[in-house]
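J.: Letter 42 of the sequence shown, counting from 1, is numbered 1195 in our numbering, and no numbers are missing.
Keep in mind the hints are simulated off the structure, nothing from the lab.
Every residue gets a Cβ at the ideal spot worked out from N, C-alpha and C, and that includes glycine.
Hints are supplied without guarantee of correctness; some may be wrong.
Stated by the list, open to error - Pair ranges (Cβ atoms, derived): (1) Glu1391 <-> Asp1414: 21 to 31 Å; (2) Thr1204 <-> Pro1279: 36 to 46 Å; (3) Lys1281 <-> Lys1241: 12 to 22 Å.
Said to hold, decoys possible - In the DSS-like style, the derived pairs of lysine-lysine whose C-alpha atoms are separated by at most 25 Å in a straight line are: (4) Lys1385 <-> Lys1400; (5) Lys1396 <-> Lys1359; (6) Lys1228 <-> Lys1260; (7) Lys1281 <-> Lys1400; (8) Lys1189 <-> Lys1260; (9) Lys1260 <-> Lys1281; (10) Lys1359 <-> Lys1341; (11) Lys1341 <-> Lys1385; (12) Lys1359 <-> Lys1260; (13) Lys1385 <-> Lys1396; (14) Lys1392 <-> Lys1281; (15) Lys1260 <-> Lys1241; (16) Lys1341 <-> Lys1228; (17) Lys1396 <-> Lys1281; (18) Lys1378 <-> Lys1368; (19) Lys1368 <-> Lys1392; (20) Lys1359 <-> Lys1385; (21) Lys1228 <-> Lys1189; (22) Lys1368 <-> Lys1341.
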Amino acid sequence: MKFNRLLPILVALWSAAALAKNPPYPRGPIDELFPKPPRPVEHTYRIDGRTIHYWQVDGGPARVVFLHGTPGDWKAWAHYLADPELQKRATLIAVDRPGFGASDPGKVAPLMADQARLLAPLLEGPGKPTVIVGHSLGGPIGAELAMRYPQRVRGAVLVAPSIDPGTEQPRWYNEAMTLWLVRAIAPKEFAWSNDEIMVLVGELEKQTPRWASLKMPITVVQGAKDELVNPKTAAYAEKVLPKPNGKVVVVPDQGHFVLWDRPELVTREIIDVLDRTAPATP
């Protein structure tokens, strides 16, 4: 490989390594992330020979499960688990998706059907049926859960979700990551992530005709300046989300990290879905 072709790959890997060490959300110990109680409690379960790791804060009558993107881990949602208003309304659960965090790191499950099967036990428990909140790749995985288990999902908030097969083609650096040398020197989390990204378009195409089957409220929050998930995703969401319960919120000044830059906005949309799906009172 010529140096002028290798150089941008090395620069991208350097940037990826820096991001892996300094993600755009806090990664400190529990006492730092949650200086005041209640603090989340660590749990695991076994399924199909795998260990799934998650943290839970017991709270109000509803149930909310948070799904991180790729790569990532449960701490992407620490701010939301610490939110007093959300705690009053629901039991809050943030999971390490299969292959990330403490859920058998490196043993990823690139296919949506496998992700949904492995995460389905989180839909059961106090406050069910569940509201799902997913960011980036966690978005289509949340949608897959709703499609496969509609009786267990009462609504969803998908933040900058990678749901549009027309705009989610692998980029040049994803293609480069399939080369053994590049993969060997890449941060391991990004190599695992690449396994999910390389099959994503095909997985999203399988979902396209199934959006129409959804009946529960689903809100998509999309930044208009997102450089990772194409802002055109908002238009795709307008087309496929269930009517009349679909909702698209475009945030003009935000990019892919809207969930950390504008947590109050995302929290408001979560509460909106909780309110719209609350059981009728006598």
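J.: Is it true that the CA of Lys1341 sits at most 25 Å from the CA of Lys1385?
T.: 30 Å, violated
J.: Does Lys1189 pair with Lys1260 here, judged by a C-alpha cut-off of 25 Å?
T.: At roughly 34 Å apart (the allowed maximum being 25 Å), Lys1260 and Lys1189 break the hint.
J.: Within a Cα-Cα threshold of 25 Å, do Lys1392 and Lys1281 meet the stated pairing?
T.: Violated, because 29 Å separates the two Cα atoms, which is more than 25 Å.
J.: Would you check the hint for Lys1368 and Lys1341, treating anything up to 25 Å between C-alpha atoms as holding?
T.: Status violated; Cα separation ~39 Å.
J.: Can you let me know if the beta-carbon spacing of Thr1204 and Pro1279 is within 36 to 46 Å?
T.: 22 Å, violated
J.: Is the hinted pair Lys1368 and Lys1392 satisfied, with a Cα-Cα distance of at most 25 Å?
T.: 15 Å, holds
J.: Take a quick look at whether Lys1228 and Lys1260 sit within 25 Å of each other, Cα to Cα.
T.: 19 Å, holds
J.: Keeping to a limit of 25 Å between CA atoms, is the pair of Lys1260 and Lys1281 held or broken?
T.: 28 Å, violated
J.: Against the 25 Å threshold, does the CA-CA distance of Lys1281 and Lys1400 hold or violate the hint?
T.: Holds: Lys1281 and Lys1400 sit about 22 Å apart, inside 25 Å.
J.: Just to be careful, I want the Cα atoms of Lys1228 and Lys1189 compared with a cutoff of 25 Å; is the pair within it?
T.: Holds, at roughly 16 Å.
J.: Could one say that the CB atoms of Lys1281 and Lys1241 fall in the range 12 to 22 Å?
T.: 18 Å, holds
J.: Does the structure keep Lys1359 and Lys1260 at a Cα separation of 25 Å or less?
T.: It holds: about 23 Å lies between the C-alpha atoms, which stays within 25 Å.
The earlier numbered hints that this structure contradicts are 2, 8, 9, 10, 11, 14, 15, 18, 22.
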